[in-house]
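Hey, can you work out the whole structure from these sequences and the hints?
So the protein lines, in turn, are chains G and A.
Note that the numbering used here has the first sequence beginning at 1235, numbered continuously upward.
Note that the numbering used here has the second sequence beginning at 1235, numbered continuously upward.
FYI, nobody ran anything at the bench for these hints, they're computed from the structure.
Be aware that a few hints might be false.
For chains that are exact copies, the list does not tell them apart, and a pair is met inside one copy or across any two.
To be verified - Straight-line C-alpha distance at most 35 Å; calculated DSBU-like pairs for lysine-lysine:
hint, residue 1, residue 2
1, K1710, K1348
2, K1469, K1335
3, K1294, K1335
4, K1583, K1292
5, K1348, K1335
6, K1707, K1294
7, K1294, K1579
8, K1348, K1314
9, K1710, K1675
10, K1583, K1294
11, K1335, K1701
12, K1292, K1701
13, K1469, K1657
14, K1469, K1675
Read off the chains here:
Number of protein chains: 2
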Amino acid sequence: MSQKNALPVTRQEDFAAWYQAVIQEADLAEESGVRGCMIMRPWGYGIWERIQMLLDRKIKESGHENCYFPLFIPLSYFAKEAEHVEGFAKEMAVVTHHRLKMEDGALVVDPEAKLEEPLVVRPTSETVIGTAFSRWLQSWRDLPIMVNQWANVVRWEMRTRMFLRTSEFLWQEGHTAHENETDAMAETLTILQMYRDFAQGPLAMPVIAGEKPENERFPGAVATYSIEAMMQDGKALQAGTSHYLGQNFAHAQNIRFQDREGQFQFAHTTSWGVSTRLVGGVIMTHGDDDGLKVPPQIAPHQIVIVPMLRETPEDEALLAYCAKIRTALIDASAFGEPLRVLIDKKPGKAGPKRWGWVKKGAPIILEIGGRDAAGEQVTMIRRDSLYGEDGRLANQAMHWESFVGQAPALLDQIQTLMFCSAKARLDAEIRDDVTDLEGLKAHFEGSKYPGWVAVDWCRPTGEALEKVVEQLKALKLTIRNTPEGSAPASTTCFFTGGPAVERVLLARAY
Amino acid sequence: MSQKNALPVTRQEDFAAWYQAVIQEADLAEESGVRGCMIMRPWGYGIWERIQMLLDRKIKESGHENCYFPLFIPLSYFAKEAEHVEGFAKEMAVVTHHRLKMEDGALVVDPEAKLEEPLVVRPTSETVIGTAFSRWLQSWRDLPIMVNQWANVVRWEMRTRMFLRTSEFLWQEGHTAHENETDAMAETLTILQMYRDFAQGPLAMPVIAGEKPENERFPGAVATYSIEAMMQDGKALQAGTSHYLGQNFAHAQNIRFQDREGQFQFAHTTSWGVSTRLVGGVIMTHGDDDGLKVPPQIAPHQIVIVPMLRETPEDEALLAYCAKIRTALIDASAFGEPLRVLIDKKPGKAGPKRWGWVKKGAPIILEIGGRDAAGEQVTMIRRDSLYGEDGRLANQAMHWESFVGQAPALLDQIQTLMFCSAKARLDAEIRDDVTDLEGLKAHFEGSKYPGWVAVDWCRPTGEALEKVVEQLKALKLTIRNTPEGSAPASTTCFFTGGPAVERVLLARAY
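Take a look at the structure:
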């Protein structure tokens, strides 16, 4: 029964190769043949659909309405927002023509069909949504405007990696306009909390929420906040961002209103987003050397029933038994929703099918053979505790009604245990006893997966900050964020020796 | 209380202007400033979200899995499928560059950043999904492959109209591969029934399902089926299509498998889709001179409570009363889901707010003032029967608990009545007593909104069909489809005088 390491490579051997192996073996996604774009297969896209459904509910409950804005943005819209476009490094897909034609038997772009103005495929939608806001907004009574869209965006990345950095990706982008800084900053922080709770809830992925340093701000933003998750190789993954844009975009796009005194004011705006990158975060937070583990709340199927079919007439009774169990499970509910249960009826032997679901990371697998059915039993495998103390595959036989009765609590428990396990790792892998650059260098060069380091600093700006960033860059490190609510433990800035005002997290990052 | 015709123009005066007025007054969508692309605002996008949610359930229940494929398709992929690309008239958005740059203070496309191979923004995804199928498919055991994606697509339309024909639109596209023609044709027709039932169910929009004539087939298809809905100006709207592609795409894309005898065979494929065009169909099926009427199953809010706020301290008690009613309504369910209820707390007078919701077409509006609250009453307005026999706005006062008790049945009844009303119109507006081209001409030129005409024909092909199409084109008519299960009423073809084999529907169309 024992088959450790269902994947061809372990996390310890080569984390990057392991990541690719999980994506392939769990049928999450594949290369598309189109540069930098992937195909999300049903299990990978199913996880994204769950993320989308659960987060969309939170976005709506907090007063935002979904809209849909155009894929294409005229080049001139970007010219208005110089700082924004500068920051985006201008790597964008540009539509210049609108027709193909046949020429000497070959299909070519028709040079006659050149657009008067090139259209940029949206890398983000501040410019086009801001233009709409400027039309919608007249009076303070129209505020706040709070919209969100689920959409695909394109950034022409030179080096791509599935889910983490693809030329096209799926995301939600929220955009809001407010009467004053107080309201806009409250919104920015509300969303930061929503992202943190969502990551730590449905994704079971512990994160540190906090403000990014000046050099890591979104182009054009006054303040950028992020949630940062720690992957199992110790690198940080920026998993979501929330930006207070001040009046910068409002000035550029003329988002104005008459205030309570009848004076014209520029609105204060925010924007915020999470993307399919979260799926990459889930893989690198929860995967092990047997493949992925999907937290029950976002698993497309929470329980997979694998009947041990023999292509004999007895199969019919076995499938009927499985169907009875599935029906009883669907009538139960976990996390306020009906359980999601699949009977895997595909042809093939039970063993490879079981390992297929282990690699995909279905939280609970039920193997049911003729003998189980005769004895009204099921044999349960928990993905989160696959092996017993003897190193062999741990399975547990029980009466099917007993399983149905405990399934909701079990899924709830698995969700919690997955979070706790990842949280313990995060806490253990943040060091705060490094006192100087030499020590920092020794730490990061002395360990394969060195985690993060927290230091106190004086929050330098301008050239002083640039110098710090350069020092860190030499160690391949970046400043992740200033954790909310954390006070400096010492009085001295790690970098300048000046007075410390806050803590910052240093890490290698995706 | 009476205020007939909340819109500035009636259907009878100018149907096209009325359509635009509904979209504007009901805040469904607006021009974006980007050629041919619209912005879907919360109420319009909310209707699409409901359509998407309900149809997605049906798609999954019938065994399809959602995936996501790239937005960009390399030009060379199209070259493989000559007939397909020919049919698409080659009007597509083409990405040729991947970078912008600053030049003399202006943002321009960087000529250095030209792509080696142009990328087409998908107009539909047969080519890229077929290429994936060819990788996924090895053996008959892998069949059927049944996938669906929700995505945006772009077709460079010269003349656009909101929801009906936009350069970018949202849709679902299903793609399947099967072992043989029987299975693939069964799938094609299963989907046709699903679309018909979906249109006639949640959209309350009666349709005629049937096969399109040869000249109206999807490029590359062996057979194309459609559902056709009748708009209130008598024009037909093709509201969904299901295509049997035979082995044409399989040959072009090498979608092959080893059959049960070990021989290589090409798969039989299908594709099918519906789009945001359905929202246009809902508008032109159910709208009236006061705006939109949204069928309860797809209404983002089924019941809107308008408290008559006075900006006095009494408002608080009034809002608490509204909240109590809302909570009781949400605990009830209609169509197997909790009721969707909004309390409209926005500032403003109750009268204009009421008419705002009338124009948006919320199925039930509750107006609640201080006196209602004191008497535990609500005042109900039904959007589907807005005026009484006296021509005045019909409202009905009742105890709030009585309303809560009857709300689910009332929504169900409204849904049914809306369908029946549209069905009666469809049935009344299909004539089958026109016997020759002169009669056809007289009918279509003699009436502002002439509906459809059913005739018997011999199902001509090739040149004979072309001649028929030309004759109809002169009358601005097209052949919509051959209604399923309809037999010819006569023995003679309307066009050729030869033997009739089936009925076809003739209509002007969107």
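Evaluated hints:
{"no.": "1", "hint": "K1710 x K1348", "result": "between (44 Å within a copy, 32 Å between copies)"}
{"no.": "2", "hint": "K1469 x K1335", "result": "between (48 Å within a copy, 33 Å between copies)"}
{"no.": "3", "hint": "K1294 x K1335", "result": "neither (45 Å within a copy, 38 Å between copies)"}
{"no.": "4", "hint": "K1583 x K1292", "result": "between (42 Å within a copy, 30 Å between copies)"}
{"no.": "5", "hint": "K1348 x K1335", "result": "both (13 Å within a copy, 19 Å between copies)"}
{"no.": "6", "hint": "K1707 x K1294", "result": "neither (40 Å within a copy, 48 Å between copies)"}
{"no.": "7", "hint": "K1294 x K1579", "result": "between (37 Å within a copy, 16 Å between copies)"}
{"no.": "8", "hint": "K1348 x K1314", "result": "both (23 Å within a copy, 24 Å between copies)"}
{"no.": "9", "hint": "K1710 x K1675", "result": "within (10 Å within a copy, 78 Å between copies)"}
{"no.": "10", "hint": "K1583 x K1294", "result": "between (45 Å within a copy, 25 Å between copies)"}
{"no.": "11", "hint": "K1335 x K1701", "result": "between (54 Å within a copy, 28 Å between copies)"}
{"no.": "12", "hint": "K1292 x K1701", "result": "neither (41 Å within a copy, 58 Å between copies)"}
{"no.": "13", "hint": "K1469 x K1657", "result": "within (15 Å within a copy, 61 Å between copies)"}
{"no.": "14", "hint": "K1469 x K1675", "result": "within (16 Å within a copy, 74 Å between copies)"}
The structure fails to meet hints 3, 6, 12 from the earlier list, while all remaining hints are met.
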